[in-house]
Amino acid sequence: MKAIKEKYSLAMRWCHWVNFPILTIMIWSGMLIYWASDTYSITLFGHTYLKFFPNWFYSALNIPQRLSEGMAFHFLFMWFFAINGVVYVLYTLVSGEWRELAPKRNSFKEAWQVLLHDLHIRKIAPPQKKYNAAQRIAYTAIIIMGFGSLITGLAIYKPVQFNNLTWLCGGYHAARIEHFVLTIGYVLFFIIHVVQVIIAGWQNFQSVITGFEVVDNSPKRIIKPAVSDEK
Amino acid sequence: MKSKKLKKPLTIEQKINRRTFISFGTFTVLSGAAYAGWSWLKNSPKETPTVTAGAKAPLRRALNKTELAFRRVFNNNNLVKTYPKERAAKVVRYNSRIGLHDKPDVPNWRLQVNKPSGEVMSITLDEIRSLPKTELVFDFKCVEGWDQISYWGGVKFSDFISHFKLDDQAKLDYVGMATPDKKYYVGIDMPSAMHPQTLLAYEMNGKPLIPKHGQPLRLIIPVKYGIKNLKCIGSMVFSNRRPPDYWAEQGYDYYSGL
Numbered sequence: 001m002k003a004i005k006e007k008y009s010l011a012m013r014w015c016h017w018v019n020f021p022i023l024t025i026m027i028w029s030g031m032l033i034y035w036a037s038d039t040y041s042i043t044l045f046g047h048t049y050l051k052f053f054p055n056w057f058y059s060a061l062n063i064p065q066r067l068s069e070g071m072a073f074h075f076l077f078m079w080f081f082a083i084n085g086v087v088y089v090l091y092t093l094v095s096g097e098w099r100e101l102a103p104k105r106n107s108f109k110e111a112w113q114v115l116l117h118d119l120h121i122r123k124i125a126p127p128q129k130k131y132n133a134a135q136r137i138a139y140t141a142i143i144i145m146g147f148g149s150l151i152t153g154l155a156i157y158k159p160v161q162f163n164n165l166t167w168l169c170g171g172y173h174a175a176r177i178e179h180f181v182l183t184i185g186y187v188l189f190f191i192i193h194v195v196q197v198i199i200a201g202w203q204n205f206q207s208v209i210t211g212f213e214v215v216d217n218s219p220k221r222i223i224k225p226a227v228s229d230e231k
Numbered sequence: 001m002k003s004k005k006l007k008k009p010l011t012i013e014q015k016i017n018r019r020t021f022i023s024f025g026t027f028t029v030l031s032g033a034a035y036a037g038w039s040w041l042k043n044s045p046k047e048t049p050t051v052t053a054g055a056k057a058p059l060r061r062a063l064n065k066t067e068l069a070f071r072r073v074f075n076n077n078n079l080v081k082t083y084p085k086e087r088a089a090k091v092v093r094y095n096s097r098i099g100l101h102d103k104p105d106v107p108n109w110r111l112q113v114n115k116p117s118g119e120v121m122s123i124t125l126d127e128i129r130s131l132p133k134t135e136l137v138f139d140f141k142c143v144e145g146w147d148q149i150s151y152w153g154g155v156k157f158s159d160f161i162s163h164f165k166l167d168d169q170a171k172l173d174y175v176g177m178a179t180p181d182k183k184y185y186v187g188i189d190m191p192s193a194m195h196p197q198t199l200l201a202y203e204m205n206g207k208p209l210i211p212k213h214g215q216p217l218r219l220i221i222p223v224k225y226g227i228k229n230l231k232c233i234g235s236m237v238f239s240n241r242r243p244p245d246y247w248a249e250q251g252y253d254y255y256s257g258l
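Sequence order for the protein chains is E and L. Quick note, in the UniProt record's numbering, the first sequence goes up one by one and the last residue is 231. Quick note, in the UniProt record's numbering, the second sequence goes up one by one and the last residue is 258.
Possibly wrong hints are sitting among the right ones.
What the hints assert, rightly or not - Only pairs whose alpha carbons sit at most 25 Å apart, straight line, appear in this in silico DMTMM-like list of lysine to aspartate or glutamate:
1. E:51 <-> E:178
2. E:158 <-> L:13
3. L:8 <-> E:216
4. E:130 <-> E:213
5. L:183 <-> E:69
6. L:42 <-> E:69
7. L:8 <-> E:213
8. E:7 <-> E:100
9. E:7 <-> L:13
10. E:158 <-> L:249
11. E:130 <-> L:13
12. L:81 <-> E:178
13. L:56 <-> E:69
14. L:46 <-> L:127
15. E:158 <-> L:181
16. L:103 <-> L:181
17. L:65 <-> E:69
Stated by the list, open to error - Sample of chain L residues lacking proximity to chain E, with all beta carbon distances greater than 12 Å (derived):
18. 86
19. 133
20. 211
21. 212
Said to hold, decoys possible - Taking beta-carbon pairs under 10 Å as the criterion, some of the chain L residues facing chain E (in silico):
22. 66
23. 74
24. 250
Read the hints as simulated data drawn from the structure, not as lab findings. Glycine is no exception: its CB is placed at the ideal position from the N, C-alpha and C atoms.
Isolated chain L (complex conformation):
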């Protein structure tokens, strides 16, 4: 069968109408699809609580994927900017007392290091203080958006690891730390923990830590937001699985790297 009419070239009017129809049709369909995608995301359920919780499931997947991308640019040679001591704040900002409700029992304080073998090391503050001291004056950054130059002194985490012969443990993917009451806890990927500016700090502004800043020993990790800088470390674990993390359970990124 042959079509009877020969196809006539479109008139200019037809061309205009045709292109307008196709363009607006496509525009409407794509806008609808975009809106549907947005509604899906907005109404997506919260993730099933595991080591992370509180975020919408697709957003948590995105955070974890983004972490992988930015882990690739992480490098121990990338250092946080340091400042002269005079620039450090005299009154250091204090944001939260989660995990600090009990006054620390400083004389009897021990750092409990749980090895995967089940062995538990108990380390005194004097042992830690006897290691080479590293000082750091840097711009502390809070996840809320504020920053403050502060001055810390302590032992490099990497020095701590080699001194206490924890090198095998440091080959695992994560280190977890918790307050003595276990109410605040953080999980840190090992490359960040072994960064040369990560400190187990016992001094602030040249003086021993005061209770609200984590007496007697706290974590200072400039490659992470403040939420990971655990105050008053009571125990430490090493693992290939992500240790529990207080703020990752509240919808924040587990990595929270800077």
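Isolated chain E (complex conformation):
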């Protein structure tokens, strides 16, 4: 028999889907700003492996010569990004949902097993509740990264008024690099996240919109009588 299994709270779904377009706009407007002084690359022993960003990339996304526009967008949507993030964290703390999200002591060991399982190297995944160990680490890390972006962002936005934050980031120059690296982190997170969501399938995806999953609990009845939680 089919049953509704509650999975994601409305607050979590709201914050997740509000964050998606806001973060997209922040990354896009951030690139408009970064273009004006695009000094970063991955260079090892004098060989540049990757320049941020190649010209074809800039022209494909129509990035050049839009610094002032990028700043105007960035400094508007930063408010929404910050508010949404603070609301989410407060909700997660107050509701107690953080317990399902924060990594546990054995999460780092288990996450490795999850990884091996996902890569089809290991047959069984460790037992999990709502989130497996790898998810706990990833979803907690992305929240910390979000606050990292706020702190490094403020450190470069108002380096005199918030000179303590700038100091904390290792100075203005370092803060700008950190702000950039965090953004690259989001993009990598996004790619893995989307691949995982596709692999996990429709039932999982729709639950982040509807909040529930449909489970078939009939086989359990054979072992023990079902306890109906329906009213």
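Please arrange chain L on chain E, whose structure you already have, making use of the hints.
Same frame as chain E, now just chain L:
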């Protein structure tokens, strides 16, 4: 009239369908609204040019509102980090020559201070150099994103104000400065101008300024991006209204505070 059928409890199948429909319906409507909002913003017209220009009208309103929020955290006790002289760049980055096309006529140079009363003061470089000198080695920050430690010497703007008895003028909200040819001009809110690290600088790396860095006198204001650090000051005005600002007319934030 009574409904004939008694309401039966929903079957589990109906519940699933119902909640799925409501959720996806809401999701679609909100996504549509978000997209419509974004299209409105993307296609919004440019602001009507005033003292600021070049930005989309709603974004300019946002910049001005954000300025108000961050003015509240501005404090004269918040100082820019300073460095030992040895850390200062020997070759100081030079980004723009707007307003510097004419070679400055140093012997005949005067700083023209326009008072609201209409009185014009004409101040020589020697008068400015005779005031107590303040040195500053700080990380200069360009709106483009680069930064460079540089070493400046000059008179504190606040010392300049009190020495030339401009205290009444400094009670106004803004000070504006322009190059002698009037091709580059900046407007600075008075709290930022009166910040203890704001200098009217005449030296760089211990030597008199060279033409491309603003000979003979330039503004060094660490609480602002480089775009506000006017090179080669020719004139100064005080006002309660925002004085014209070159880059604010090109879509940049008027405040541009750090």
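Results for each hint:
no., hint, verdict
1, E:51 <-> E:178, "16 Å, holds"
2, E:158 <-> L:13, "55 Å, violated"
3, L:8 <-> E:216, "23 Å, holds"
4, E:130 <-> E:213, "12 Å, holds"
5, L:183 <-> E:69, "23 Å, holds"
6, L:42 <-> E:69, "11 Å, holds"
7, L:8 <-> E:213, "24 Å, holds"
8, E:7 <-> E:100, "11 Å, holds"
9, E:7 <-> L:13, "18 Å, holds"
10, E:158 <-> L:249, "22 Å, holds"
11, E:130 <-> L:13, "24 Å, holds"
12, L:81 <-> E:178, "19 Å, holds"
13, L:56 <-> E:69, "8 Å, holds"
14, L:46 <-> L:127, "45 Å, violated"
15, E:158 <-> L:181, "32 Å, violated"
16, L:103 <-> L:181, "10 Å, holds"
17, L:65 <-> E:69, "16 Å, holds"
18, 86, "17 Å, holds"
19, 133, "22 Å, holds"
20, 211, "25 Å, holds"
21, 212, "20 Å, holds"
22, 66, "5 Å, holds"
23, 74, "6 Å, holds"
24, 250, "6 Å, holds"
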